[in-house]
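So the protein lines, in turn, are chains A and P. Using the numbering used here, the letters of the first sequence map in sequence onto residues 1 to 460. Using the numbering used here, the letters of the second sequence map in sequence onto residues 1001 to 1460.
Since the hints were derived computationally from the structure, they do not count as laboratory data. It is possible that part of the hints are untrue.
[Stated by the list, open to error] Cut-off 20 Å, straight-line C-alpha distance, at most; resulting in silico cross-link-like pairs (SDA-like, lysine to any residue):
#: 1; chain 1: P; residue 1: Lys1278; chain 2: A; residue 2: Ala450
#: 2; chain 1: P; residue 1: Lys1278; chain 2: A; residue 2: Lys278
#: 3; chain 1: P; residue 1: Lys1278; chain 2: A; residue 2: Gly120
#: 4; chain 1: A; residue 1: Lys278; chain 2: P; residue 2: Glu1121
#: 5; chain 1: A; residue 1: Lys278; chain 2: P; residue 2: Glu1111
#: 6; chain 1: A; residue 1: Lys278; chain 2: P; residue 2: Arg1136
#: 7; chain 1: P; residue 1: Lys1278; chain 2: A; residue 2: Asp133
#: 8; chain 1: P; residue 1: Lys1421; chain 2: P; residue 2: Glu1456
#: 9; chain 1: A; residue 1: Lys278; chain 2: P; residue 2: Glu1456
#: 10; chain 1: A; residue 1: Lys278; chain 2: P; residue 2: Pro1282
#: 11; chain 1: P; residue 1: Lys1278; chain 2: A; residue 2: Lys421
#: 12; chain 1: A; residue 1: Lys160; chain 2: A; residue 2: Met46
#: 13; chain 1: P; residue 1: Lys1278; chain 2: A; residue 2: Arg58
#: 14; chain 1: A; residue 1: Lys278; chain 2: P; residue 2: Glu1334
#: 15; chain 1: P; residue 1: Lys1278; chain 2: A; residue 2: Pro365
#: 16; chain 1: A; residue 1: Lys278; chain 2: P; residue 2: Lys1421
#: 17; chain 1: P; residue 1: Lys1278; chain 2: A; residue 2: Glu127
#: 18; chain 1: P; residue 1: Lys1421; chain 2: P; residue 2: Glu1334
#: 19; chain 1: P; residue 1: Lys1278; chain 2: A; residue 2: Pro125
#: 20; chain 1: P; residue 1: Lys1278; chain 2: A; residue 2: Ala134
#: 21; chain 1: A; residue 1: Lys160; chain 2: A; residue 2: Ala134
#: 22; chain 1: P; residue 1: Lys1278; chain 2: A; residue 2: Arg88
#: 23; chain 1: A; residue 1: Lys278; chain 2: P; residue 2: Cys1135
#: 24; chain 1: A; residue 1: Lys278; chain 2: P; residue 2: Pro1125
#: 25; chain 1: A; residue 1: Lys278; chain 2: P; residue 2: Glu1124
#: 26; chain 1: A; residue 1: Lys421; chain 2: A; residue 2: Ala450
#: 27; chain 1: A; residue 1: Lys278; chain 2: P; residue 2: Ala1134
#: 28; chain 1: A; residue 1: Lys278; chain 2: P; residue 2: Pro1118
#: 29; chain 1: A; residue 1: Lys278; chain 2: P; residue 2: Ile1129
Number of protein chains: 2
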Amino acid sequence: MKRYADLAPTPRTILTPGPVEADPRVLRAMSHTVLGQFDPEFTALMNETMEMLRELFRTGNRWAYPVDGTSRSGLEAVLTGLIEPGDRVLVPIFGRFGHLLTELAQRLGAEVYTIEKPWGEVFEPREVIEAIDACRPDLVAIVHGETSTGRVQPLEAIGKACRERDILIVVDAVATIGGVPVETDAWRLDAVVGGAQKCLSVPSGMAPITYNERAEAKLLRRKRVERGLQPPAAAAEEPPGALAAAGLPGSSGAAARPESAAGPGSAGHAALASAAPKLQPPPSSELGGSVIRSNYLDLSQLQDYWSPARLNHHTEMTSMLYALREGVRLVLEEGLEARFARHRRHESALVAGLEAMGQRLYGDPSCKLAVVACVEIPEGIDGESVRSMLLEQFGIEIASSFGPLKGRIWRIGTMGYSCSKRNVLLLLVALEAVLLRHGARLEAGAAVQAALDIYEEGSV
Amino acid sequence: MKRYADLAPTPRTILTPGPVEADPRVLRAMSHTVLGQFDPEFTALMNETMEMLRELFRTGNRWAYPVDGTSRSGLEAVLTGLIEPGDRVLVPIFGRFGHLLTELAQRLGAEVYTIEKPWGEVFEPREVIEAIDACRPDLVAIVHGETSTGRVQPLEAIGKACRERDILIVVDAVATIGGVPVETDAWRLDAVVGGAQKCLSVPSGMAPITYNERAEAKLLRRKRVERGLQPPAAAAEEPPGALAAAGLPGSSGAAARPESAAGPGSAGHAALASAAPKLQPPPSSELGGSVIRSNYLDLSQLQDYWSPARLNHHTEMTSMLYALREGVRLVLEEGLEARFARHRRHESALVAGLEAMGQRLYGDPSCKLAVVACVEIPEGIDGESVRSMLLEQFGIEIASSFGPLKGRIWRIGTMGYSCSKRNVLLLLVALEAVLLRHGARLEAGAAVQAALDIYEEGSV
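Pulled out of the complex, with its shape left as it was, chain A reads as follows (with noise of 0.2 Å):
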């Protein structure tokens, strides 16, 4: 039989847009033994998750709660469960995740209205509120800071239209939560979704996400409880939103039912007792065309999950739930004011040096997304050779883009625990030697200066 090595991942600086470096502690936490979902001391920390989430999104909500998944994943259960087939959906497009939004409303068979910004520049408010006003749509889904650009969407004009004219607002903050701030809130947001391996620096597969009573009741209008979890004598007159407890400690009778029972002249219990299995044909109803059609990412079982009747679903990813909690801990011990000012410090440091490199800053600096740094490919340089050498010579791992940026751009990620001195000092001295080795002409040594000047001064 082959054996299989020891896994031994090479020690990497990791300088992308995500995932990035995990904090030590997070990693910790990933190793501590398994507990029971619905054992006390778990639930506890799920509870408690929740309470540090909300601080995380600056909301009130009672909602915010990681879906299990990549971040697309709490992209995806946000919109299966916010959009109806048929309503009409606002996306404003300003780099590729404006495009994600648009392809995953498109297959829940919304009518997508889109507008459009160039790469490497945002849009005004009033832009944005103008198209909102020639399509009226339901819901207007939007990227906060979009990471194939480099650039960041201000929202609170938008979110306070929306709010003003009762149409849902989406914002896919995966890239800005934890770094930059996310008002969900103040800028009246109905439902934010925050990623886990950027600026939390945890391990890719949890998406914290939060919404507000107007999505809820969204939600609820569109709710169905599981089948196998219905009461069974309660099943016909359950209304939508009531829940149907779980056979779990601390909860209430729970039975499971024949699917036969739902439907007119169905047989009842009869083949529970009979050795003969009788074909059921489907259920004369037909489901509704609101009914949401995913289970694994339907927020209204979701949140049942999440409720102290702990409704069972799926099982939760108890080690995944360790390291978000972990990471979330930390950004709220750092503080989230103290967290947003070092990331403009490194980046004002990282900037600086590359300046001083003679690199050009891609993009309109006015709407700069602060942790991520696009830096053009010089004319003559092979981008990708470049980030190979980086990689295999220095273990930094840059990012290059997507789309019209490809092979025109690189991206530099500060986030989270990999936003540090140490690190962009690094980046700096390895690119600048990786560039003279292909040949860039620029003054050696002027980066780092440049980056420590700005340490120095302190006042960033």
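Got chain A; can you put chain P on it based on the hints?
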């Protein structure tokens, strides 16, 4: 600011049907530093994990990889890919998780036919085959090991019948993979979904799946390349199943394009050159009914991500992949046959001990699932009080059950790392003590002696 305490979960002996204890090597694997998702060292680990999963599933299938979510994400991904709205689906139900398969298929718009067995039994293969011939489904979805009742469904004859009739068969092997034989190829199963947190003893968070060319053919018919990744020129002509390469190291030119370029009469790329965003209406070409409605769980995209093309999709869960790889590596080091024998040995000891204690096992013994023992709660004993005392006084967790079995049985899992002599003996002494404390009449001391007899025989 409120301070949150250091994570310090109490060590537990987990004898539920999942999640169970993780091997310390799996927990350690997760504490390794993060690698970037396109770091060659990480993609090598991904490829190696696929190879290991093929051994685990006993298949020559090209596709064997984890879905990034808990077990039901794997079930939903497979069913979402293989069920088109209006497809006829047959679900034979013999416990709670048959109801889940029914639920998933119904939400996908299938016409779902069901047959049911009383809980505690499984189907005679001919009963399922007769139902197949009566309703002529496009797909059969069936549970292999039903943890709610502790039963295992023989699948070989059913798989053969499906293949002869050119019907797809999807199997929920969440509870059985790595604990009892699952023969993907020999039983002619088209798609199989395994679970991480049961017999593999990996924390919940990934769902290993495999599927063959028959299943892949259906996926490819429904495939749609994500808009943001389509190359600009080729998009309209892109044949289904063709790969568009992402802007990633080692792959070739992809470019994002405006949504508008997809529809007739669109402005094409003009918006990119203009500063004033133009509202683009929904593309006139509606999505066909056949398009996979999920992006996150779209296997046609996931397999491109797991292929050499590495077409960008989600950000792979680094630490969970480390854990899954280590968990499957442990299974292959032990050897599948030796591992199955270990599960049978501890089952025998546990059952002998329970019977010597005077406990009654629930269900038809001819189809008992080796990794779960269901015990009838004795008359006059409060089952939940017994479970609580086991957890609080002894740190041992066992499970209750669902639906018609709630309050009637306990479920004791012996899965993966939790399946050990130490755990079986501890459970027997603790359960005996707790039952005595609850006023049960039983012969003290007999259970452990009976289990030790089995272990000393060494014949099992």
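Original post:
Among all the numbered hints in the text so far, which are the ones the structure does not match?
Top reply: 1, 2, 9, 10, 11, 12, 13, 14, 15, 16
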